[in-house]
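Model the full structure from these sequences, guided by the hints.
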Amino acid sequence: MIRKLAHTALCAFVIASFTLAATQVYAANDRFKKVLDRGKLVVGVKADYKPWAFRDSNGKLVGMEIDMAQDVADALGVSLELIPVQSSNRMQFLQQGKIDLMIATMSDKANRRKVVGVPQPNYYTSGTNVLAKKGMVKKWTDLKGKPVCGKQGAFYNKVVGKKYGAKIIAFIGNAEAKQALRDGKCIAWVYDDSSIMAELASGQFDDYEMPMMTEDDTPWALAVPLDELDGIWGNFMSGMTYNWHSSGRLVELEKKWGIQQSQFVVDMNKRFAPYTPN
Amino acid sequence: MELFADFFRELYDNTGWNFVFLYEQYEYDRMLEGIWTSFKLIAACLIFSLVVGFIGAWAQGAKSKIVRYVIAGYIQFFRNTPPFVQILFFYFVLGNLVPTYDAGGYQVGYIDSFGWAVISLGFFAGAFNTEIFRSGIEAVPESTREAAEALGYTRLMAYIHVIFPLAFRVCLPALNNNLVNLLKTTTLAYGIAVPEMMYTANQIWSDNVNVPEMMIVLFFFYVGLVAVLVYGMHKWEKNMKIPGYG
Numbered sequence: 497m498i499r500k501l502a503h504t505a506l507c508a509f510v511i512a513s514f515t516l517a518a519t520q521v522y523a524a525n526d527r528f529k530k531v532l533d534r535g536k537l538v539v540g541v542k543a544d545y546k547p548w549a550f551r552d553s554n555g556k557l558v559g560m561e562i563d564m565a566q567d568v569a570d571a572l573g574v575s576l577e578l579i580p581v582q583s584s585n586r587m588q589f590l591q592q593g594k595i596d597l598m599i600a601t602m603s604d605k606a607n608r609r610k611v612v613g614v615p616q617p618n619y620y621t622s623g624t625n626v627l628a629k630k631g632m633v634k635k636w637t638d639l640k641g642k643p644v645c646g647k648q649g650a651f652y653n654k655v656v657g658k659k660y661g662a663k664i665i666a667f668i669g670n671a672e673a674k675q676a677l678r679d680g681k682c683i684a685w686v687y688d689d690s691s692i693m694a695e696l697a698s699g700q701f702d703d704y705e706m707p708m709m710t711e712d713d714t715p716w717a718l719a720v721p722l723d724e725l726d727g728i729w730g731n732f733m734s735g736m737t738y739n740w741h742s743s744g745r746l747v748e749l750e751k752k753w754g755i756q757q758s759q760f761v762v763d764m765n766k767r768f769a770p771y772t773p774n
Numbered sequence: 010m011e012l013f014a015d016f017f018r019e020l021y022d023n024t025g026w027n028f029v030f031l032y033e034q035y036e037y038d039r040m041l042e043g044i045w046t047s048f049k050l051i052a053a054c055l056i057f058s059l060v061v062g063f064i065g066a067w068a069q070g071a072k073s074k075i076v077r078y079v080i081a082g083y084i085q086f087f088r089n090t091p092p093f094v095q096i097l098f099f100y101f102v103l104g105n106l107v108p109t110y111d112a113g114g115y116q117v118g119y120i121d122s123f124g125w126a127v128i129s130l131g132f133f134a135g136a137f138n139t140e141i142f143r144s145g146i147e148a149v150p151e152s153t154r155e156a157a158e159a160l161g162y163t164r165l166m167a168y169i170h171v172i173f174p175l176a177f178r179v180c181l182p183a184l185n186n187n188l189v190n191l192l193k194t195t196t197l198a199y200g201i202a203v204p205e206m207m208y209t210a211n212q213i214w215s216d217n218v219n220v221p222e223m224m225i226v227l228f229f230f231y232v233g234l235v236a237v238l239v240y241g242m243h244k245w246e247k248n249m250k251i252p253g254y255g
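Here the protein sequences come in this chain order: A and B. Counting with my numbering, you get residues 497 to 774 for the letters of the first sequence. Counting with my numbering, you get residues 10 to 255 for the letters of the second sequence.
Source of the hints: derived by calculation from the structure; they are not laboratory data. Be careful, since some hints might not be right.
To be verified - For lysine to any residue, the following SDA-like pairs were computed, each having C-alpha atoms within a straight-line distance of at most 25 angstroms:
#	chain 1	residue 1	chain 2	residue 2
1	A	Lys658	B	Pro221
2	A	Lys752	A	Ile579
3	B	Lys72	B	Pro174
4	A	Lys674	B	Asn105
5	A	Lys674	A	Asn554
6	A	Lys640	B	Asp121
7	A	Lys659	B	Ala14
8	A	Lys658	B	Trp26
9	A	Lys610	B	Glu19
10	A	Lys605	B	Met224
11	A	Lys594	B	Pro221
12	B	Lys250	B	Leu165
13	A	Lys634	B	Tyr110
Structure representation (structure tokens):
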């Protein structure tokens, strides 16, 4: 019996170490070459975050971040493969080498930078706000002790839960969270302001409003594997982002996807405006 | 306690192993609530499923054709649909049919997400329990039944005092399996935001980027719980043993 147990444990250990070894085959700084060799760029994107990344009526992934991913693939001259990821697992996809690049509406946080590589500059910002029935809540402190719906994996939950004492009810996806709001199971739905604006513009929430002042305006980060950050791949993505700002591509994409113009993108466009020698 | 917290804070700083709930009050409170909710959820589901199984197995042998058809339909429905789909269905579809009261801007149902999790998981496991109890009942010899009848027992009384106690002993191993399964299935309640262990771990690892650590905690939590349940059931099995029977 004991021998059998020991045998099983040993087998499990060997298998585990093989899996570990398999994920570490690629040395640092060869991601760029790997992408070129395979002729395909694998990008982790959201699939439920209209209008940044969502499925159109044909089931195809589209949106502002999808266009950005396509820009990267075009610049490399390779084809593009999109892998849908979720807030709660997107960093693991990158860590485990399942994707080369992550553009998935991720807010840039200090503890996240310990796990994934964030090339500078950031490409977007947004802050925390809520969607609520008109006239229901006026200020953040109104949420104290009240049920507020959210999505699992979003850091807004902790902000509102910890700072304002709201009772966060976090669902697997936004579809469920919004349905719970419609059913009146919570007083508000907490998410980021840009997304809420998009919901309001969609016409599905006519009796609702975004009543608060946006809190914690936070930059968004695209991410590369942590050990690639200072290598070719990280530097390449920094260059891509610089050019997106400089050329006004992001302003253009916002317009294309009907996103309310954000001050950050306009400011960055001015800041990185190309210098023309005379 | 301070020392304990400091140890884990240092562990994080030095090794990157982040057991955040052991040194941050907010996460600690969340974790405790998660554990407590899991206990309540598991206990409620186990008891409810056993009650459902007990009644269901009895009703399966009812004289009325209608009752038997209803039970057969119930078993088919709950055995043939995934438990996760059932939970979502109960919460989002049936949940809207239950009367609610206004609690100042939001509606509170008389059955909350915890209640729906217990109902759906209880009925789900109850369907299996019904069949498990049936297997036990069918193993009770016909002569025993007749003997009870000859002593003047009604059908219900014979079921409670004679048939079921014997049947229960026969089907305990199968029941064990199903209850262990049910214990693990309660994690699905995170889908409707019941703040049990799985949900809490998910919240914590989302906020603190410590997925491997929380996964380890989750594993040990459930391994421990199942071990306790199985130990208890085995003890019970032993205590109920009738010499010469089964």
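> Among all the numbered hints in the text so far, which are the ones the structure does not match?
Replying inline: As far as the earlier hints go, not one is violated by this structure.
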